[in-house]
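Taking the hints into account, I'd like the entire structure generated from these sequences.
Take 1 as the starting number for the sequence shown in the UniProt record's numbering and just add one per residue.
Treat the hints with care, as some may be off.
Derived CB-CB ranges, DEER-like [to be verified]:
| id | residue 1 | residue 2 | range |
| --- | --- | --- | --- |
| 1 | K89 | M122 | 46 to 52 Å |
| 2 | V92 | T115 | 33 to 39 Å |
| 3 | A99 | N136 | 53 to 59 Å |
Pairs of lysine-lysine, DSS-like flavour, derived with a Cα cap of 30 Å [as the list claims (entries may be wrong)]:
| id | residue 1 | residue 2 |
| --- | --- | --- |
| 4 | K89 | K72 |
| 5 | K112 | K125 |
| 6 | K88 | K69 |
| 7 | K89 | K70 |
| 8 | K70 | K88 |
| 9 | K88 | K72 |
Hints in this document: simulated from the structure, not taken from any laboratory.
Heads up, the beta-carbon is just placed ideally off N, CA and C, and yes, glycines get one too.
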Amino acid sequence: MMSRSTPSSTEQASDPLQLAPRKEEVSEEDDDLFMVPEMEDAAQRKGNDVGGAQEKRGRSRNTADREHKKIKRLLRNRLSAQQARERKKVYVSDMEQRARELQESNSRLEEKISTLINENAMLRKVLISCRPKIENADSEP
Numbered sequence: 001m002m003s004r005s006t007p008s009s010t011e012q013a014s015d016p017l018q019l020a021p022r023k024e025e026v027s028e029e030d031d032d033l034f035m036v037p038e039m040e041d042a043a044q045r046k047g048n049d050v051g052g053a054q055e056k057r058g059r060s061r062n063t064a065d066r067e068h069k070k071i072k073r074l075l076r077n078r079l080s081a082q083q084a085r086e087r088k089k090v091y092v093s094d095m096e097q098r099a100r101e102l103q104e105s106n107s108r109l110e111e112k113i114s115t116l117i118n119e120n121a122m123l124r125k126v127l128i129s130c131r132p133k134i135e136n137a138d139s140e141p
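Here it is in structure tokens:
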């Protein structure tokens, strides 16, 4: 049976999960999600048997090693998935902010275009109304 306990300082230094920075959003309840259970030595559990029992211990230890590696891999994957979700959240937030800024900029530009179109139309009318006066002034000596 595997027991759950906190890793020693030497285990923390060699455990990549312990070296990964944790987000402050991880609650105390979630701490056990990131803990890797310590493996008990098969020899300590069963004592020292001889002959075929050593083979069984070897297989048992190998199975326990595989299980331990599987648990560590699952925990690394879980941590990696959580980090990916956090990165995605930041990315989506940035994109939403950028979309709002671009929409505001677009609105300002559309307003400016409308103002310039109106100003251009007004200047054309002024030009048209001034042409007859200029032509009359040119034709009179």
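Hints, verified against the model:
no., hint, verdict
1, K89 with M122: 46 to 52 Å, "holds (50 Å)"
2, V92 with T115: 33 to 39 Å, "holds (35 Å)"
3, A99 with N136: 53 to 59 Å, "holds (57 Å)"
4, K89 with K72, "holds (26 Å)"
5, K112 with K125, "holds (20 Å)"
6, K88 with K69, "holds (28 Å)"
7, K89 with K70, "holds (28 Å)"
8, K70 with K88, "holds (26 Å)"
9, K88 with K72, "holds (24 Å)"
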